[in-house]
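Asker: If you're matching them up, the sequences are chains A and B in order.
Residue 161 in numbering that gives the first Met the number 0 sits at position 162 of the first sequence; the count goes up by one each step and never skips.
Residue 72 in numbering that gives the first Met the number 0 sits at position 73 of the second sequence; the count goes up by one each step and never skips.
Please note: incorrect hints may appear among the correct ones.
Which residues of chain A face chain B? A partial, calculated answer using Cβ under 7 angstroms [claimed, not checked]:
#  : residue
1  : 2
2  : 3
3  : 4
4  : 7
5  : 48
6  : 51
7  : 129
8  : 221
9  : 224
10 : 225
11 : 226
To give a feel for the contact side, a few chain B residues facing chain A, derived at Cβ under 7 angstroms [as the list claims (entries may be wrong)]:
#  : residue
12 : 2
13 : 22
14 : 31
15 : 72
16 : 75
17 : 215
Hints are computed from structural coordinates only; laboratory data are not their basis.
No residue lacks a Cβ here, since even glycine has one placed at the ideal position from N, Cα and C.
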Amino acid sequence: MSVINTDVEVTSNEQVAEETFALRFHSPSLAGQLLPGQFINIRVSDAVEPLLRRPYSISSVHGEECEILFSLLGKGTHILATKRAGDRIGILGPLGNTFGYEKDFGTAVIVAGGIGVAPFPHLTRVLQQRAIPVLTFLGARNANRVVTRGLANVHVATDDGSEGFHGTVIQALAAYLDSHEVDRPRLFACGPNAMLKATQAFAHERGFACELSLESEMACGIGICQGCPIERTEGERKYALVCTEGPCFDSHEIIFHEHHHA
Amino acid sequence: MNTSYTLGSMHLKNRVLVASGTFGYGNEAAPYTDLRALGGIVTKSVSWLPRQGNAPTRIAETPAGMLNSIGLANVGIDAFIAEKLPFLREIDTEIIVNIAASTTEEYIRILERLEGEEGIAAYEINVSCPNVKEGGLNFGTRCDMTETITRELRRRTERTLIIKLTPNVTHIADFAKSCENEGADAVALINTLVGMAVNIRTRRPVLSTITGGLSGPAIKPVALAKVFEASKAISIPIIGIGGITTWQDAIEFLLVGASAVQVGTASFRDPDAAVKIARGMETYCREEGVEDIQDLVGALHIDAGTAAPGFVKAREQEKV
Ligand SMILES: Cc1cc2nc3c(=O)[nH]c(=O)nc-3n(C[C@H](O)[C@H](O)[C@H](O)COP(=O)(O)OP(=O)(O)OC[C@H]3O[C@@H](n4cnc5c(N)ncnc54)[C@H](O)[C@@H]3O)c2cc1C
Ligand SMILES: Cc1cc2nc3c(=O)[nH]c(=O)nc-3n(C[C@H](O)[C@H](O)[C@H](O)COP(=O)(O)O)c2cc1C
Ligand code: FES
């Protein structure tokens, strides 16, 4: 594995849902080594505004190209949305650990909230290559925000009931599991912290293996700023770093607090 | 062309160091840059006991800058020596260990412990962290405390002793002078400025500690003025820190009186930033026909008759 810190060329950037974009860039070396769950840090501008890079999961790999999925939020994403084929962005990576897709389990149950779907197309592809069954539960604000590209066996839940199950993604998952036989599930979750917290509680209640892909404010992405702590449940060290020890954590490893942003 | 620099007993191959707390312990950034091309590495502050650091949120981006409230999270002196120093020692660059403590005795204990270890060129004493409740800024905002620490540590080491100063004082020159008087080899400035950010949706401070330390390009003009002020008051070398992101920034610091610089927040954007800055400075010197980079230090031209800045005047009046 070799690290990459370079400018790359954007090859496409298309809107795939309300305020949601899929941006592709050309990087054979990243495409060749990126594992499911890992992320990269993108420098969206040469100017010092915004100052910090933004972390993005690699959503999928297409030959020599990588794709990220992002939804509009603040400064960084509004700049990213303006990128066109031929523009350049700075990438740093691959960063972070991977999903535990090599662990022993029967069925991968993906639980995604909002733009939390981002890392799952790549995971889905790798699981399918290994012939592991995949079930996907996707929560979105409304039908216009549902992004299913690259996913398998998708069950949608929307907050307003405009598509699929009317309710939370956890409610949809619970209802499904109550009426279906699922072989030794392992949950893979990514989304807003409130959703991750609910997923964690649900998994523990039912005794399911579960891992959570976390977000945090990050300044560096490589472990040099100590800016991205998540509280650990046990051990001498109170915090783990999301950027280098995560972003994927076993649900028993970490504790969420109120102050974490939605 | 000469870029090297001798500071006390330390020999830097160039004038660019990486700043404490912005480069970990060297190993993390190693895959992204050529550590040998750095003048030196200043380690994350090390304290006697491990420190867990503050609760999240520890970071907030601000216009052309960032706030942090890391809270000196570090592995503590034992783990530093056992786990971090062996890697650092092997790098062909100078290692400066930054020390943070909450009492004079703790500073002494840490330094004495490190005196027994090889591969350390210098100590940088952090009397200026805004993010811990005890110690930190309390030392750095009191001249008498800064003096005591400098004196006590100077007596105990032949290694290069650098005191890192806070900008959160009225006259940084007074503190620089105290360090010079007590035998410090150099002062490093500035540490972060106390700052704050508010989330208007939750109506809460963004940082868990309410206030934090501001760094990055936003503070460069403040840092330049502080280095300039200190350079008018002392004759020991100054290491300039604050918002340095490009080689042009670094040259500005030399011109106002810094003998070397440290690159902090810029490494978060690009872990290779410090090395690029060092190379850029070399190119500049070649282009400008500068034979020895030392010729740039304090080479700022100020036209005759230009009124001295307020703070310089204020000091002159005090003397009268
Ligand atoms: C490991 C990792 C992977 C990520 N992967 C993706 C991804 O694949 N796709 C994607 O769209 N985003 C992803 N993110 C989040 C992404 O890094 C940015 O935070 C996000 O795109 C917003 O950036 P911005 O510059 O537009 O907003 P900013 O200008 O940074 O923020 C605008 C406002 O939103 C708030 N805010 C910032 N980040 C978040 C957040 N995560 N949740 C809630 N509020 C927030 C800020 O406090 C601010 O008030 C990931 C984050 C991490 C840590
Ligand atoms: C995340 C972060 C952590 C820091 N940790 C330390 C530290 O442990 N000890 C210290 O002396 N300074 C610390 N600093 C201050 C920097 O070394 C430097 O003085 C300051 O950031 C200004 O330089 P910059 O604008 O180039 O970052 C830290 C700064 C940041 C941004
Ligand atoms: S983002 Fe800097 S240590 Fe994790």
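Asker: Mind listing which of the numbered hints don't hold for this structure, in increasing order?
Answerer: Numbers 2, 4, 7, 12 and 16, in rising order.
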